[in-house]
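Enquirer: Sequence:
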Amino acid sequence: MAKANVKDLLEAGVHFGHMTRKWNPNMAPYIFMEKNGIHIIDLHKTAVKLDEACNALEKITSAGKKVLFVATKKQAKEVVAKHAAELNMPYITERWPGGMLTNFVTIRKAVKKMNAIDKMKKTVHSKLYLKKRGFRLTDREQNLRKTLVQSLIW
25 MAKANVKDLL EAGVHFGHMT RKWNPNMAPY IFMEKNGIHI IDLHKTAVKL
75 DEACNALEKI TSAGKKVLFV ATKKQAKEVV AKHAAELNMP YITERWPGGM
125 LTNFVTIRKA VKKMNAIDKM KKTVHSKLYL KKRGFRLTDR EQNLRKTLVQ
175 SLIW
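The sequence shown runs contiguously to residue 178 in this note's numbering.
One or more of the hints may lead you astray.
Stated by the list, open to error - Using C-beta positions, here's what the derived DEER-type ranges look like:
hint, residue 1, residue 2, range
1, T162, V30, 40 to 50 Å
2, N167, T44, 27 to 37 Å
3, R169, F128, 11 to 21 Å
Note that these hints are calculated values from the structure, not bench results.
Think of the CB as a built atom: it goes at the ideal place given N, C-alpha and C, for glycine as much as any other residue.
All chains should be modelled from the sequences, with the hints used to inform the complete structure.
Expert: Spelled out as structure tokens, the structure:
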């Protein structure tokens, strides 16, 4: 496995953190400095932690387990989706549904609701709904698909 190179991390723009007013205090040891209202991340510490994460992921995947990839940041969405799909791993690139890992009963209800809307649209009952109700159902279905479908390939 290749070790993380600080030069490559710098070229990829990994050193750009969040705005200083939107930061998490737990990140303080990993922040190198602040410039123009943005935190600059210490790439030497990042490289060490990245190597640790790669080793842990290698152990997990070699055991045949799945890894959930999450990237809701605009710059990372496409890259994560592409690579996760290549690896046949679940991924989320849109809004993270609350309780995805801790309250799966709620997520299961949302999936059932999405399936019920699908069935309703395929049957004759969909023509009986008023126009406004039909649009609301369609919007609800699209939102559920956007947030849930990517992660359902587990």
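Enquirer: Evaluate each hint against the coordinates.
Expert: Against the structure, the hints come out as follows:
1. At roughly 49 Å, the beta-carbon separation of T162 and V30 lies within the given 40 to 50 Å, and the hint holds.
2. Between N167 and T44 the beta carbons are some 33 Å apart, a value that agrees with the proposed interval 27 to 37 Å.
3. Between R169 and F128 the beta carbons are some 18 Å apart, a value that agrees with the proposed interval 11 to 21 Å.
Of the numbered hints stated above, none is contradicted by the structure.
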